[in-house]
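Kindly generate the complete structure, drawing on both the sequences and the hints.
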Amino acid sequence: MSKRIYLDHSSTTYILDEVYDEMIKYLKTFFGNPSSFHSFGREVRKTVEESRERVADVISAEPREIYFTGGGTEADNTAIKGIAYANQSKGNHIITSKIEHHAVLHTCEYLEKKGFRITYLPVDKYGTIDIDALRDTITDKTILISIMHVNNEVGTIQPIEEIGKIAREHNIYFHTDAIQSFGKLPIDVNKMNIDLLSASSHKIYGPKGSGALYIRKGVRIEPLIHGGHHEMNKRAGTENVPGIIGFGKASEIAKKDMENNAYKGIGELRDYLQKGITEKIADVFVNGHPEKRIPVILNVCFKYIEGESIILKLDGKGIAASSGSACTSGDLEPSHVLFAMGVDTALAQGTVRFSLGKKNTKEEMDEVLSVLPGLIENLREMSPFSAEFEFPREAGPRVKHKH
Amino acid sequence: MSKRIYLDHSSTTYILDEVYDEMIKYLKTFFGNPSSFHSFGREVRKTVEESRERVADVISAEPREIYFTGGGTEADNTAIKGIAYANQSKGNHIITSKIEHHAVLHTCEYLEKKGFRITYLPVDKYGTIDIDALRDTITDKTILISIMHVNNEVGTIQPIEEIGKIAREHNIYFHTDAIQSFGKLPIDVNKMNIDLLSASSHKIYGPKGSGALYIRKGVRIEPLIHGGHHEMNKRAGTENVPGIIGFGKASEIAKKDMENNAYKGIGELRDYLQKGITEKIADVFVNGHPEKRIPVILNVCFKYIEGESIILKLDGKGIAASSGSACTSGDLEPSHVLFAMGVDTALAQGTVRFSLGKKNTKEEMDEVLSVLPGLIENLREMSPFSAEFEFPREAGPRVKHKH
Amino acid sequence: MNYSEKVMEHFNNPRNMGEIPDADGVGLVGNPVCGDMMKIFIKVNKDTEVIEDIKFKTFGCGAAIASSSMVTELIKDKGMTIDDALKITNKNVIEELDGLPPVKKHCSVLAEEGLQSAIEDYKKKKQKNG
Amino acid sequence: MNYSEKVMEHFNNPRNMGEIPDADGVGLVGNPVCGDMMKIFIKVNKDTEVIEDIKFKTFGCGAAIASSSMVTELIKDKGMTIDDALKITNKNVIEELDGLPPVKKHCSVLAEEGLQSAIEDYKKKKQKNG
Ligand SMILES: Cc1ncc(COP(=O)(O)O)c(C=O)c1O
Ligand SMILES: Cc1ncc(COP(=O)(O)O)c(C=O)c1O
Numbered sequence: 001m002s003k004r005i006y007l008d009h010s011s012t013t014y015i016l017d018e019v020y021d022e023m024i025k026y027l028k029t030f031f032g033n034p035s036s037f038h039s040f041g042r043e044v045r046k047t048v049e050e051s052r053e054r055v056a057d058v059i060s061a062e063p064r065e066i067y068f069t070g071g072g073t074e075a076d077n078t079a080i081k082g083i084a085y086a087n088q089s090k091g092n093h094i095i096t097s098k099i100e101h102h103a104v105l106h107t108c109e110y111l112e113k114k115g116f117r118i119t120y121l122p123v124d125k126y127g128t129i130d131i132d133a134l135r136d137t138i139t140d141k142t143i144l145i146s147i148m149h150v151n152n153e154v155g156t157i158q159p160i161e162e163i164g165k166i167a168r169e170h171n172i173y174f175h176t177d178a179i180q181s182f183g184k185l186p187i188d189v190n191k192m193n194i195d196l197l198s199a200s201s202h203k204i205y206g207p208k209g210s211g212a213l214y215i216r217k218g219v220r221i222e223p224l225i226h227g228g229h230h231e232m233n234k235r236a237g238t239e240n241v242p243g244i245i246g247f248g249k250a251s252e253i254a255k256k257d258m259e260n261n262a263y264k265g266i267g268e269l270r271d272y273l274q275k276g277i278t279e280k281i282a283d284v285f286v287n288g289h290p291e292k293r294i295p296v297i298l299n300v301c302f303k304y305i306e307g308e309s310i311i312l313k314l315d316g317k318g319i320a321a322s323s324g325s326a327c328t329s330g331d332l333e334p335s336h337v338l339f340a341m342g343v344d345t346a347l348a349q350g351t352v353r354f355s356l357g358k359k360n361t362k363e364e365m366d367e368v369l370s371v372l373p374g375l376i377e378n379l380r381e382m383s384p385f386s387a388e389f390e391f392p393r394e395a396g397p398r399v400k401h402k403h
Numbered sequence: 001m002s003k004r005i006y007l008d009h010s011s012t013t014y015i016l017d018e019v020y021d022e023m024i025k026y027l028k029t030f031f032g033n034p035s036s037f038h039s040f041g042r043e044v045r046k047t048v049e050e051s052r053e054r055v056a057d058v059i060s061a062e063p064r065e066i067y068f069t070g071g072g073t074e075a076d077n078t079a080i081k082g083i084a085y086a087n088q089s090k091g092n093h094i095i096t097s098k099i100e101h102h103a104v105l106h107t108c109e110y111l112e113k114k115g116f117r118i119t120y121l122p123v124d125k126y127g128t129i130d131i132d133a134l135r136d137t138i139t140d141k142t143i144l145i146s147i148m149h150v151n152n153e154v155g156t157i158q159p160i161e162e163i164g165k166i167a168r169e170h171n172i173y174f175h176t177d178a179i180q181s182f183g184k185l186p187i188d189v190n191k192m193n194i195d196l197l198s199a200s201s202h203k204i205y206g207p208k209g210s211g212a213l214y215i216r217k218g219v220r221i222e223p224l225i226h227g228g229h230h231e232m233n234k235r236a237g238t239e240n241v242p243g244i245i246g247f248g249k250a251s252e253i254a255k256k257d258m259e260n261n262a263y264k265g266i267g268e269l270r271d272y273l274q275k276g277i278t279e280k281i282a283d284v285f286v287n288g289h290p291e292k293r294i295p296v297i298l299n300v301c302f303k304y305i306e307g308e309s310i311i312l313k314l315d316g317k318g319i320a321a322s323s324g325s326a327c328t329s330g331d332l333e334p335s336h337v338l339f340a341m342g343v344d345t346a347l348a349q350g351t352v353r354f355s356l357g358k359k360n361t362k363e364e365m366d367e368v369l370s371v372l373p374g375l376i377e378n379l380r381e382m383s384p385f386s387a388e389f390e391f392p393r394e395a396g397p398r399v400k401h402k403h
Numbered sequence: 001m002n003y004s005e006k007v008m009e010h011f012n013n014p015r016n017m018g019e020i021p022d023a024d025g026v027g028l029v030g031n032p033v034c035g036d037m038m039k040i041f042i043k044v045n046k047d048t049e050v051i052e053d054i055k056f057k058t059f060g061c062g063a064a065i066a067s068s069s070m071v072t073e074l075i076k077d078k079g080m081t082i083d084d085a086l087k088i089t090n091k092n093v094i095e096e097l098d099g100l101p102p103v104k105k106h107c108s109v110l111a112e113e114g115l116q117s118a119i120e121d122y123k124k125k126k127q128k129n130g
Numbered sequence: 001m002n003y004s005e006k007v008m009e010h011f012n013n014p015r016n017m018g019e020i021p022d023a024d025g026v027g028l029v030g031n032p033v034c035g036d037m038m039k040i041f042i043k044v045n046k047d048t049e050v051i052e053d054i055k056f057k058t059f060g061c062g063a064a065i066a067s068s069s070m071v072t073e074l075i076k077d078k079g080m081t082i083d084d085a086l087k088i089t090n091k092n093v094i095e096e097l098d099g100l101p102p103v104k105k106h107c108s109v110l111a112e113e114g115l116q117s118a119i120e121d122y123k124k125k126k127q128k129n130g
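In order, the protein sequences belong to chains A, B, C and D. Quick note on numbering: the first sequence equals residues 1 to 403 in our numbering. Quick note on numbering: the second sequence equals residues 1 to 403 in our numbering. Quick note on numbering: the third sequence equals residues 1 to 130 in our numbering. Quick note on numbering: the fourth sequence equals residues 1 to 130 in our numbering.
No lab work stands behind these hints, which were simulated from the structure alone. Since the structure is predicted, the reported quantities are computational estimates derived from the model, not experimental observations. Be a bit skeptical, because a hint or two may be false.
To be verified - Restricting the straight-line Cα-Cα distance to at most 30 Å, the calculated cross-link-like pairs of lysine-lysine (DSS-like) are:
1) A/Lys317 <-> C/Lys55
2) B/Lys234 <-> B/Lys46
3) A/Lys141 <-> A/Lys234
4) C/Lys46 <-> C/Lys6
5) A/Lys25 <-> B/Lys362
6) A/Lys3 <-> B/Lys28
7) D/Lys91 <-> D/Lys123
8) C/Lys6 <-> C/Lys126
9) D/Lys55 <-> D/Lys78
10) C/Lys6 <-> A/Lys317
11) C/Lys6 <-> B/Lys46
12) B/Lys191 <-> B/Lys25
13) C/Lys87 <-> C/Lys125
14) D/Lys128 <-> D/Lys46
15) B/Lys46 <-> A/Lys3
16) D/Lys87 <-> D/Lys76
17) C/Lys105 <-> C/Lys87
18) B/Lys362 <-> A/Lys90
19) B/Lys98 <-> B/Lys165
20) B/Lys90 <-> A/Lys114
21) B/Lys25 <-> A/Lys3
22) A/Lys3 <-> C/Lys6
23) B/Lys362 <-> A/Lys114
24) A/Lys28 <-> B/Lys362
25) D/Lys125 <-> D/Lys87
26) A/Lys114 <-> B/Lys114
27) B/Lys25 <-> A/Lys28
28) C/Lys105 <-> B/Lys46
29) A/Lys362 <-> B/Lys25
30) A/Lys98 <-> B/Lys234
31) B/Lys217 <-> B/Lys90
32) B/Lys28 <-> A/Lys114
33) B/Lys255 <-> A/Lys28
34) A/Lys256 <-> B/Lys25
35) B/Lys28 <-> A/Lys359
36) A/Lys46 <-> D/Lys91
The structure is reproduced here in structure tokens:
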């Protein structure tokens, strides 16, 4: 198993050694409750606050604008519900996009049941949201715009600086789910006029169960979790100390990596893999924006076959990737992102996302490229579809697409 | 610092070596996302499900009735808001008690703003809730009773089996915050007619940032955190895998400890400390029920002086305890629990909670007993109050006590 | 979600995969839009009504491919008549596969339907051809 | 929440702790119900109005005790007159203590008030006694 190849970093990452080393001190030796008054508590509080600085640094925020959460999903929920409930008297309209993560979409759908009106902005074929549609859809009841920075399936980068400007002009709060971009792309919450931003530790080589919400100072939210006075009364519950410490260290390293242009090399590997796949395999379609795309993600549709079966075959060869197919998630329909981008649904069922990380090598890409063509051919042989027996045309208008 | 004495286990515990050893494998080697389809994900999913069994075992529940959360506070919020919102059509009345943890009280106060009516049951001088008042206060609009199992400040054990019976008779959901008792006192959710139960890992020698909510099968709640399909659609967000693994291991050990009567020895130490303090120091009052009290907690009022100053002095001697005083928490009034028990407020300001753990020794108790009398005397010398200059009588009815 | 060893074995070494060019009956069920489509070909002995050959082509996940493989194996190994074959249900397929994850049960239903559809096609053709 | 070293030093070694049995002025401020009560005793030179001795007794947290100690030290070290003493504010106390945590600012206010109250008491008594 030691020769396995991991290409699912956008789902979760391993923990870097430096992160691990710092964390385990707070599992073993420094176990105090940071809210405690005695020495066991104080020695922990200090490092928690250092972690807050490290996280803040990544996005040019102030430490006191960072609130630790139990993960990225909780951060998204806190931001969106928190702003919605705190501003109900001002309006009930929220603008988001069709390609958000479920943490945002399902939260918005929930708010619809609670009387909010949600606009789900369309995207073009590259998965970029329609800025004009955004402008047109703003009303005097609009209280929040929530648009992700980088899409987790196809990697397309959204024009958040432009969105921030529009939001600011209209005096509307702007939240961005930056869970895929935090620590990978430069972000400046002030320049970009971001009021709230979600981040998650386990996407940047930190531990799972740890996230953060940036809330611009002065912006009021209704807390999601009530209880003690933790996190400046915005998120109750004894802090996940090792998780916070690990997230802090991972943030510090991520910032250095960005400064050292570490993602350039990863992007070259990704492009190498993309080139190899498209050259070696017929009927392959790359999803996402050709340039405005995060360098770690490669999303590909393999025509005539289904994604889960590809993932299973790859897994049999020790290669881990993920699928945008319906089967894997237990839903009946495939990726809402590809659907919003106008990708044919049958084609979308054959999607694989390769997401690269810091330690992937060219040798690993070569291994994938040597294994993948045969495996795709094998599955295509099993498939009733081919250039001679094409996918049936999608019949008529489809029922409402469940996210 | 190696000779420090930790007596604040009810605030948080260190992590046992066995727990640590199991956890770090899932920090380092097995880092996959349990939702992933490939081998990295599957190897983790398996152990997450084993942890679910271990947690379930402690309270005789079924594994699928256990939902992992980011901590005890989140479990309380999920239970109470979850039941409240899912049953709004049936009624809007919730019964709880005046001595709940803030995770419950502040959640209930929040729900009051959202149109729910909350009854806060009184307690007697021992901190036991008034069962007759509970019966009297039930209406046909009552949808939930939320009463803690063991109070975290004074340690009093509530008659939850009786409460469960009453709830069941009236067809009302019963939630218990068992964060202080889980893994320390026997609990059987079926015998006790418990529908929802909150537990937290860092109170039983597991890691912080990990908790669980038991939800009886068939009981519907509205989720607190929306997003992906995690935790059977009841709690979205990538699982805190090392936290869950650690909680599982800690649960397994706690169960064995209970079977081996480990808390008998701790109780004897606690009683030894109590006896020593009350014999050696004048004007000392022990809070909580004399018998129906969890064996790890000793809550004492030292008359004429203030709690934080005692904690600081103890801390100076390397002894960690916690205070029920207002000063420490940043509130203006001291413990709402002692207030509900009718303890004079000035006296309540002088409260210290010693909470014992598995590794405390008689030598440590002797050390506390040798240090404490002098330190109390020293502070009393500083105090303007004494038997000659008594606390002023509390004047008239007080304003509403903020929890 | 975890597949049994049996499912994986059939997924990796599917039995009876392919087409029968001059098949007596062909069933086509499912929809690629929903992620699964199966095509089942049968060759039937006109006198004994025994299914003498059966093959499949499947677009779908691991469970869909394994179910196709299993249902064809069940038929072929036992030399079943079409009447016996019509008694095969998705439950049989699941059992023989040592179980399927709950979200994958529909794949075994598809296998049952694919087989039935091929037999229907055979019957229809037989009627037509006299 | 963290106390400065200075606060801890004054908490552990409070200056001027105690009572003055024949004090010229006594101030009693705060309320034990709220967690802090301070009693300040002063001895004043009738001619120069210099505070010649000052002592305190305090019921309260670390910050309350340190603030009491600090305010008395400020007076005594400098041999202040009551007029000068009245100029001392809680800000001075906080500064001299190298800061107090935000939730503890009120403790320094109590020290200021305690001192003023003792001086008032002195003045009242002086008036009464002619
Ligand atoms: C864009 C995006 N938003 C939200 C999430 C949820 O974050 P977490 O897994 O930390 O709950 C993820 C990752 O799963 C993501 O990629
Ligand atoms: C009774 C009780 N309820 C709730 C909590 C909150 O749990 P957590 O610290 O895991 O958020 C605690 C502990 O702080 C507690 O003692």
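I'd like to know which numbered hints this structure contradicts. Please list them from smallest to largest. 4, 8, 12, 18, 23 and 32
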